[in-house]
Amino acid sequence: MGDNSLPEIAEGVTNAILNFTREQIVSLANRFRNRDVAFIGNSDTIQIVKEQLKTGEWDLSKKYVEDKELRILIQMGLTLRKLEFRKQFDKLHNLREKIVLRFQTRGLHIAQFVQRGIFAALIGDIAPKINSIAELKSVVKETLENVEKNVIFIKETDDINRKFDEVKTSLYANKPATYIIFGKNSAVNPSNEIVRLLRENIAGYAISLYKSDKGDCIYFVNKKWEGE
Amino acid sequence: MELLSLKNFSISAKVALLEELGYRCEGRFVLSNDGTKVFDKYINQPVLVDNMVILPGSTIVLDDNPLSIASYIEEYGEVL
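These protein sequences, in sequence, are chains A and B.
With the first sequence counted from 1, adding 14 to any position gets you the working numbering.
With the second sequence counted from 1, adding 7 to any position gets you the working numbering.
In case anyone wonders, no lab produced these hints; they're calculated from the structure.
Incorrect hints may have been included.
[Said to hold, decoys possible] Capping the alpha-carbon separation at 30 angstroms, the derived lysine-lysine pairs in BS3-like fashion look like this: (1) A:K198 to B:K14; (2) A:K68 to B:K44; (3) B:K14 to A:K151; (4) A:K237 to A:K225; (5) B:K48 to A:K151; (6) A:K101 to B:K44; (7) A:K169 to A:K189; (8) A:K237 to A:K155; (9) B:K44 to A:K238.
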């Protein structure tokens, strides 16, 4: 490489490790300053981020979420889901660690709420019941910010009565507009049992069920709206 | 904007590029010109030469991970 022209270095064009002359480095730096080039790492990283920005779920989410931190966490939830789908578990664990580094465990829980498809189901569940965009934004924000208080993940081995008490206490103490009970595959039956107890024992809440295409069940326990 | 992957750059080419842009490196770490470690501003972790990206906006050196890249795009728009 003896002239100032740049070799073909876009990833995918060549995997060879490239050296550059002093003149070529100066030329690259000048192109960078002129915003003609940017230096990325692994092209997969930027690709997966940009893919999520093109999804219908992000298109829907960004209309109802203005908080910058929550917007990033929604994008990270979508990215976690994609990494899980691709079985890129090292990258998935690495991203989870980064999310915790910046947003602590609470942030990871918000991202996982999106990863599991609960967030998209939530919007679908509450949108028809709400009178204004402002109200919808407010419920969405409240739910995301209180994921740790207002969402319970049921496991197959959970004690049903104990979990029911936990849900009841949360409903009475926090009075959320929406409380969510999530049961993955093997936890569907215990989730159904907890919801049966709720229906028999708690007034003032309407309960609706959303089933994901993976067979997970998501129960939305909504404070009854006027007229319900 | 053309995106060039640093994964194809030799270590000496990465170091030369950093120096040309006003940075240095020491061992695995990227340093600013005053010798302090450069931290990825979105995850508050030191940036390693092996896993860095260099993006426009007053020369932003970050770790190559989806959280930092998404945060950059959220802050600066889809410039990449």
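Here is how each hint holds up against the structure:
no.: 1; hint: A:K198 to B:K14; result: violated (39 angstroms)
no.: 2; hint: A:K68 to B:K44; result: violated (35 angstroms)
no.: 3; hint: B:K14 to A:K151; result: violated (41 angstroms)
no.: 4; hint: A:K237 to A:K225; result: holds (20 angstroms)
no.: 5; hint: B:K48 to A:K151; result: holds (29 angstroms)
no.: 6; hint: A:K101 to B:K44; result: violated (34 angstroms)
no.: 7; hint: A:K169 to A:K189; result: holds (24 angstroms)
no.: 8; hint: A:K237 to A:K155; result: holds (16 angstroms)
no.: 9; hint: B:K44 to A:K238; result: violated (54 angstroms)
Violated hints, listed in ascending order, are 1, 2, 3, 6 and 9; each of the other numbered hints is respected by the structure.
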